[in-house]
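Trainee: One letter stands for each residue in the lines below.
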Amino acid sequence: MTTIAEPPTASVYSADAGRAFTLLAPTMLEVDAFGTSDHIGFSTSCTVAPDARSTTWFVTGRAVVRALSAEVERLRDRVSACAGLTRQEIARAIGVDRRSLSGFVNGEIRPTEGRLLALRVLADTAEWSSEQYGEHAREILRGSDAQTSPLALIADGRTDIRRELRAIAEQAGLTNENRVTTQVRATKEPLYVRAATAWAGQGQLPTRQGVPRDDNEYEQDLSKAAAAVTSPERPRRRSI
Amino acid sequence: MEAEECYQGADGPLNQGDILIAPVARVSSPDLFVPDRWDRLDQTEHAVDRSAQGESDLHVLSGRALVMVTSHDCHHDKEWNTERNRLIRSGLDPEEAARIAEENQTLDRTFQASPLVPLEDLDPGSRGNYRAGRVVGFYPLPSPSDGSFPESVVDLTYRCTIDRKAITERRWCLTPPARDQLRYAIARFDSFRTVELAESIEAAIGKSITDVRVDTSSALTLELVLDDDSVLRLVQPPTEPDPGGRSRL
Numbered sequence: 001m002t003t004i005a006e007p008p009t010a011s012v013y014s015a016d017a018g019r020a021f022t023l024l025a026p027t028m029l030e031v032d033a034f035g036t037s038d039h040i041g042f043s044t045s046c047t048v049a050p051d052a053r054s055t056t057w058f059v060t061g062r063a064v065v066r067a068l069s070a071e072v073e074r075l076r077d078r079v080s081a082c083a084g085l086t087r088q089e090i091a092r093a094i095g096v097d098r099r100s101l102s103g104f105v106n107g108e109i110r111p112t113e114g115r116l117l118a119l120r121v122l123a124d125t126a127e128w129s130s131e132q133y134g135e136h137a138r139e140i141l142r143g144s145d146a147q148t149s150p151l152a153l154i155a156d157g158r159t160d161i162r163r164e165l166r167a168i169a170e171q172a173g174l175t176n177e178n179r180v181t182t183q184v185r186a187t188k189e190p191l192y193v194r195a196a197t198a199w200a201g202q203g204q205l206p207t208r209q210g211v212p213r214d215d216n217e218y219e220q221d222l223s224k225a226a227a228a229v230t231s232p233e234r235p236r237r238r239s240i
Numbered sequence: 001m002e003a004e005e006c007y008q009g010a011d012g013p014l015n016q017g018d019i020l021i022a023p024v025a026r027v028s029s030p031d032l033f034v035p036d037r038w039d040r041l042d043q044t045e046h047a048v049d050r051s052a053q054g055e056s057d058l059h060v061l062s063g064r065a066l067v068m069v070t071s072h073d074c075h076h077d078k079e080w081n082t083e084r085n086r087l088i089r090s091g092l093d094p095e096e097a098a099r100i101a102e103e104n105q106t107l108d109r110t111f112q113a114s115p116l117v118p119l120e121d122l123d124p125g126s127r128g129n130y131r132a133g134r135v136v137g138f139y140p141l142p143s144p145s146d147g148s149f150p151e152s153v154v155d156l157t158y159r160c161t162i163d164r165k166a167i168t169e170r171r172w173c174l175t176p177p178a179r180d181q182l183r184y185a186i187a188r189f190d191s192f193r194t195v196e197l198a199e200s201i202e203a204a205i206g207k208s209i210t211d212v213r214v215d216t217s218s219a220l221t222l223e224l225v226l227d228d229d230s231v232l233r234l235v236q237p238p239t240e241p242d243p244g245g246r247s248r249l
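Residue numbers (the working numbering), protein chains in the order written: chain B, 1 to 240; chain X, 1 to 249.
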C-alpha cells in the first residue's frame with residue numbers, strides 16, 4: 001500500500017494493479033464511480049502519487065456524490081434565480097464548460113474542491129449583487145470585458161469581489177441607494193461584557209405573557225379632574 | 001440605597017426597572033461627537049447614504065449595552081390586553097384569549113430603556129451628587145451582589161426604543177421601593193424638573209387652606225390655595241396599577 005497523504009482516512013484501490021492507496025480527504029474517497037483521478041477530483045491540497053493520476057479507480061460511497069450533485073444543482077439554480085446568469089456563464093465563472101457543469105449536476109463528474117468553492121462564491125456573490133443592484137445584477141456580474149469581468153475573477157479563485165462589483169456599478173451609474181458604511185470605534189470595555197459573563201445561565205429572558213388589566217388603565221377619563229377645577233373669573237369681553 | 005434593598009431577581013414579563021443586555025443606538029451629526037460618558041455605548045459608527053433621496057447622510061452610533069427598562073409595565077402589555085379583551089368580547093374564554101394573544105407576534109414588542117453608565121465615567125467632582133440622586137436625568141444604582149457591573153447611574157438623557165426580541169440577557173430588577181424612586185427620577189427629568197415641595201411646605205406653616213384644585217392638564221397635580229392667595233402645588237406619585245382581570249365585559 002502506498003501512502004499518498006497524511007492523515008490517512010480511507011483506502012482507494014487501483015482496479016487494474018490491485019494496489020491500495022490511502023488518500024487525504026474523506027469525501028473524495030467515498031465515490032461510487034469509475035474514472036480517472038482527474039474526474040474523481042483530487043484536492044489541490046492533496047499530494048497524489050504521480051503514477052496514481054492516470055490510474056482507474058473504483059471507490060465506494062454513492063451518497064456523497066448524490067449530495068454533491070444536489071448541492072451543485074441548488075447553487076446553480078440559486079445563481080440563475082438571483083442574477084439571471086445563463087448556464088454557460090455559470091460554467092465559465094467556475095472555470096469549466098457547460099457540459100462539465102451538467103456532468104456535475106447529474107453526478108457523472110465529481111467537481112473538484114476548487115470548482116465547488118467557485119460555485120459557492122458565485123452563488124453568494126449573485127445573491128449579494130441581487131440585493132444591491134436588483135435587476136442590474138447580471139449586467140454588473142458580467143462586466144464590460146470578458147477577460148476582466150467579475151465572473152473571470154471568480155474563475156481565477158477570488159472569493160470576495162464586492163469592491164470590483166461596486167466599482168463597475170459606479171461606472172455604470174448604478175450606485176446602490178442608501179448604502180450603509182460601518183466602522184467600529186475603539187472604546188473602553190462596554191459594561192455588558194462583564195455582566196454577560198456573570199449572568200451566564202442565571203438570567204431569564206422576559207416572557208410574552210401580559211398581565212390582564214382593565215381598559216381604564218389605558219384610557220383615562222379626566223373629566224372628573226376637570227370638574228373639580230374652579231374656573232378663574234375672567235373679565236367679560238366688551239362688545240364693540 | 002444598598003444593593004440588597006435595591007435589586008431582586010428578574011422573572012416573568014418585562015418590568016419597569018429590569019436590568020438587561022440589549023442593543024442601543026442614537027442619531028448623531030456628521031462629526032460623530034461622543035460625550036465621554038457614552039464612550040462605552042457608541043461602539044460602532046454608521047453612515048447611511050441618502051444621496052438617492054437628495055438628502056444629506058444620516059449618522060448613527062450604536063452598540064450593545066446594559067440598560068434599564070424605563071417604560072411602564074402597563075405599556076408593555078397594552079396591545080396584548082387590547083387583543084385579549086377583543087377576543088373575550090368575540091366569545092372566547094379568558095384563558096384561550098390570553099393564549100392566542102400571546103402567540104400573536106404582531107402586537108407591540110417595544111419598550112423604552114436607558115443605558116447604565118459607570119460612576120467612574122462621570123465628572124469626579126460631581127460623583128457625590130450623582131450618587132445621591134441630586135442630578136436631574138440620572139438615577140443612581142449600587143453595584144449588585146454578583147458584581148456584574150460597578151456602581152452606576154441610569155442615564156435617562158439617553159433613551160431608546162428597543163424590540164424585546166433583541167434582549168440577550170436579563171438578571172436583575174428593581175425592588176418596589178427602588179422602582180418608586182426610578183419613577184420619581186423619570187417624572188422629574190421629563191416634566192417637573194425642580195421639585196421644591198419641602199421649601200414650599202415650610203413656607204405654608206401657620207396658614208390655612210382655602211381652596212383645592214386639580215390640574216386639568218395633569219391629574220397628578222393638586223393645587224392647595226392658602227389664605228394669603230399663595231398656591232402649593234403637590235404632585236401625586238403615579239401608583240402601581242393592580243393586576244386584576246377585567247371587571248366588566
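Derived by calculation from the structure, the hints in this document are not laboratory data.
The C-beta atom is built at its ideal place from N, Cα and C for all residues, glycine as well.
Where hints are given, some of them may not hold.
With beta-carbon atoms standing in for the labels, derived distance ranges [what the hints assert, rightly or not]:
1) X:His75 / B:Gln202: 39 to 49 Å
2) B:Arg158 / X:Ile100: 37 to 47 Å
3) B:Glu219 / X:Pro13: 19 to 29 Å
4) B:Ser102 / X:Phe33: 56 to 66 Å
5) X:Ser29 / B:Ser102: 55 to 65 Å
6) B:Arg87 / X:His75: 52 to 62 Å
7) X:Ala132 / B:Ala200: 51 to 61 Å
8) B:Ala167 / X:Ser29: 26 to 36 Å
9) B:Thr197 / X:Val48: 32 to 42 Å
10) B:Gln209 / X:Thr210: 45 to 55 Å
11) X:Glu95 / B:Glu113: 50 to 60 Å
Short derived list, chain B residues pointing at chain X, Cβ under 7 Å [said to hold, decoys possible]:
12) Arg78
13) Gln171
14) Arg208
Here are some chain X residues the structure puts well away from chain B; computed CB gaps all over 10 Å [unchecked claim]:
15) Leu20
16) Val34
17) Arg131
Trainee: State for each hint whether it applies.
Mentor: We went through each hint and held it up to the structure:
| no. | hint | verdict |
| --- | --- | --- |
| 1 | X:His75 / B:Gln202: 39 to 49 Å | 27 Å, violated |
| 2 | B:Arg158 / X:Ile100: 37 to 47 Å | 52 Å, violated |
| 3 | B:Glu219 / X:Pro13: 19 to 29 Å | 21 Å, holds |
| 4 | B:Ser102 / X:Phe33: 56 to 66 Å | 59 Å, holds |
| 5 | X:Ser29 / B:Ser102: 55 to 65 Å | 57 Å, holds |
| 6 | B:Arg87 / X:His75: 52 to 62 Å | 56 Å, holds |
| 7 | X:Ala132 / B:Ala200: 51 to 61 Å | 33 Å, violated |
| 8 | B:Ala167 / X:Ser29: 26 to 36 Å | 30 Å, holds |
| 9 | B:Thr197 / X:Val48: 32 to 42 Å | 33 Å, holds |
| 10 | B:Gln209 / X:Thr210: 45 to 55 Å | 50 Å, holds |
| 11 | X:Glu95 / B:Glu113: 50 to 60 Å | 57 Å, holds |
| 12 | Arg78 | 28 Å, violated |
| 13 | Gln171 | 17 Å, violated |
| 14 | Arg208 | 5 Å, holds |
| 15 | Leu20 | 8 Å, violated |
| 16 | Val34 | 8 Å, violated |
| 17 | Arg131 | 17 Å, holds |
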